Amino acid sequence: MSEGIRFLFGVHNHQPAGNFDSVILDAARSAYHPFLEAARAVPGIVLTMHCSGGLLAFLRERVRPTFDLLGRLAADGRIELLTGGFYEPILSMLPDADKVGQIQALSEFLSANFGVKPRGMWLAERVWEPHMPKVLRQAGVEFVVLDDAHFALAGLDPESLGGYYLTEEQGATLAVFPISQRLRYLVPFAEPAETIRYLGERRGSGAVTLFDDGEKFGVWPGTHRLAYDEGWLRHFFAALAEAPGITLSTFSACLDAAPAAGRVYLPTASYTEMGEWALPARRGEEIEEARKQLLALPNGLRLARLLRGGFWRNFLVKYPETGDAYWRMLRLSERLHGALARRPDDPRLAAAREDLWRSQGNDAYWHGVFGGCYLPHLRRAVGSALLAAERRLDDVLGAKDLSWARDDVDGDGCAELRVRTPELCVTLRPGAGGTVTEIAFRPRDLDIAGVFTRRREMYHGRVKESAAVSGGGLVTTIHGAPGSKEEGLADLLDYDPFRRASLLDGVFRPGTPPDPLAPWEMARAAMGERPMPSEIVERSGEVEIALGPTALDGLPLAVEKRIRIGAAGAGLRARYSLTWRGDEAFEGTWAVQLNLALTAGDAPGRYYRLPGSPSLGSRGSLARAATLTLVDEWIGCEVEIAWSGAGGAGWAPIETVSLSEAGFERIYQGSAVLVSWPLALAPGGSWEGELRIVPRAISRTG
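Per this note's numbering, the sequence shown runs over residues 1 to 702.
Keep in mind that the hints were calculated from the coordinates and are not lab data. Hints may be right or wrong, so weigh each one.
Claimed, not checked - Below 20 Å or equal to it, Euclidean Cα-Cα: the simulated EDC-like pairs (lysine to aspartate or glutamate) are:
#1 Lys464 / Glu288
#2 Lys117 / Glu288
#3 Lys318 / Glu169
#4 Lys318 / Glu125
#5 Lys318 / Asp346
#6 Lys464 / Asp445
#7 Lys400 / Glu538
#8 Lys464 / Glu289
#9 Lys400 / Glu285
#10 Lys400 / Asp345
#11 Lys464 / Glu169
#12 Lys134 / Glu159
#13 Lys318 / Glu230
#14 Lys318 / Glu286
#15 Lys117 / Asp68
#16 Lys318 / Glu273
#17 Lys117 / Glu169
Quantities reported herein were computed from a predicted structural model and do not represent experimental measurements.
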C-alpha cells in the first residue's frame, strides 16, 4: 500500500441484567478472557473495548482474573475503554437525567477501577436520534461510533467514508466514527487475509472502523472453535501486526491526530437489520424481499443501502408488553428525580435509582435475531427492578395502604385503572374488555400477569424450511439461514387474537370445555377487547371496579363484572353477572381465561398443587373442582385460583417460537388457565359466579 491507513478495531461486551449467572460465566470463559489473552500475546495490538457496567461489576465480583487482565491492558495503553449507559439502555428512550446519569455512572466506574477517563462511548444498538449530541456532551462524551448505514441514509457512500465526522445539536459538537458493515461481516467469518485485502482497498480513507459484539469471538455458535481452537483470532492479530501500511490505533489517538473528514447530520436510525426488525411482520417481510431483489441487480448493494426500515421506538407499539414497562419507567423516573431533588443524599433513593437504571437495560424492550423481549427472565428482570424501585420510593415518601388512579398509563389515548396496596399493583383496562395486564405481587417483586402474546414474526415463514441445528458445520454470521433447535416447532405457530391478559371472557356452546390455550375461535361470542363502561368506588378498605353491562355480539346476553381489591391481603376477586334477554331458554358455557407467568414451565419446583405435581409446562383439566394452585418454589410464590359453583378448569403452557443466534427455539411464556361454568338460563334469567386470584409468598428454593 502506497498510503497508510489507521485501523480502529473495537469490541463491545454486554450481558443483560437478569441473565443467568451460568450464561455470563460461560461467556467470560468462552469469549471475553481468551480474547484478551489473544490480544496480549501479540505485540503491537492496540484495541478499543466497551463493557457494559453490569457486566464489569459481575466480572469484578465473580471473574476477577478477566477483570484484572482488562485493567492491565488498559493501564499499558493497549486497550482504550469506552463509556456508555451503565446498564446498556437505549439512550434515546430515557429521560435526559437518566441518560446523563447512566453514562456518568459508567465513566466513574472506569475511573475508580481502572484509572481512566473515557472520552468516547458505545451507543447501545447504535440507536441514534438527532437530538443526542447535546445531552452526550453534557455527560462528558467527545465521540461515538455508529454504523455506516446511518451515513448512507444521509446520502454518503459507505465505501468512501473514513476517519470521523462532526455533528451537532444546538451548537454542541460531537465526533462520529462510521463502522464498516463490510468489515462486520468479514470478521471473523472470512479468512484474515480478506480483511487485510479490504483495508488495502480502503487506503486513502485515513482511518477505517470496525466495532462489533465481543460475543462473536467465542459465544456465537461455532465461533469459539473458529477463533481459538482453529486459531483464527491469533492469525488475525498476527496478520494485522505484520501488514505493511496498517496502523492499529485507538479512537482517541485518531481524534487527536487528524482533523474531521467533514460535517454531517445523521437521521434517526440504527443498524440495517434493526430497522427491519422494528417493522410489523408483513412489512418486514416486504423490505427483506425488496432487499433480496435489489442485491440481485448490478450495483444492487448501493441501491439496497437506500432502503430503510422502521424506527426503534416502534418496538414499544409492536410489543405492548414492552411499552407498558417503558411507560412505568417514565412515570417512576419523574417521581424519583423529584424526590432526589428534595433529598439528594438519601441512600434509599440512590438505591431506588439503581433499580430504575437496571430496569432501563435495552435487551427486554425489543426483538430481532436475539431473543430480547421473548425471553421471560429478561422481561422479569425489568419488571422486578421497576417494582423494587417503586417499593423503595414508597418507603421513603410514604404511601397509603390503598390507592388508585384512573389515567392513560401507556399513552394509547384510553384511560386505565391502576390499584396499589402494600402487596399488589393491578392494572385493569376498561377499554379492552376489563382485562388485567398487571398483577404485581410486591413481596416477591413479581408480576404474575406478565405473559407475552403469541404473535406472527417476519421469520416464521422460514421455520418449516429450517433443519435441526447440528453441532458442526460452517460458521456463518448470525444473519444467515437459521436452523431449529428441535423438531416440530412449526406446530407451535399459532397466534393470539387478543393480548395475553387475564380476565378474558366469552360464552361457548354447552358440552366439552374449550381448549384452555386457544379457546376463542370456538366461542359463540367473546368479550375480547371491546370497551366496557366502568365505575370505581372505594369503601371500607376496598376498591370495587364495576364494568358493564355490555351486550355480546349476536346474543341477547348482558355481561357485568365487578373486580374487588382490598388493602388487606393480596387477593383479586372478579364477580360475573350474566342476564339472558332472549325469548327462549339458553344453554351454554361461560369461560374466563387467566394468563399467568411464574418463572419456568418444566423445571424443578414449578408445578400445580395436584396429585403427581404436574409441571407448569403440562396440560390438564379438573371437572367440578373449586381451586387450582400454581407453585413456584424457586422464586417463593404460589398463586391460588378459586371459583364458585360447579365450575371446572383446564390449563396449558403458552409457548412461542422465536429466533436467537442459535436458531429457532421454543420458549415457555406462562400458563393459560381457563375456568368455565355450565349455563342454563330461562328467559329473563341470570347467573352469577366468582373467581379469585390470590398470590402468596412461600419458602424459596432458588
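Now for the hints, and whether the structure bears them out:
no.	hint	verdict
1	Lys464 / Glu288	holds (18 Å)
2	Lys117 / Glu288	violated (42 Å)
3	Lys318 / Glu169	violated (30 Å)
4	Lys318 / Glu125	holds (18 Å)
5	Lys318 / Asp346	violated (38 Å)
6	Lys464 / Asp445	violated (39 Å)
7	Lys400 / Glu538	holds (13 Å)
8	Lys464 / Glu289	holds (18 Å)
9	Lys400 / Glu285	violated (50 Å)
10	Lys400 / Asp345	violated (24 Å)
11	Lys464 / Glu169	violated (48 Å)
12	Lys134 / Glu159	violated (29 Å)
13	Lys318 / Glu230	violated (42 Å)
14	Lys318 / Glu286	holds (17 Å)
15	Lys117 / Asp68	holds (17 Å)
16	Lys318 / Glu273	holds (16 Å)
17	Lys117 / Glu169	violated (24 Å)
Of the numbered hints listed earlier, those contradicted by the structure are 2, 3, 5, 6, 9, 10, 11, 12, 13, 17.
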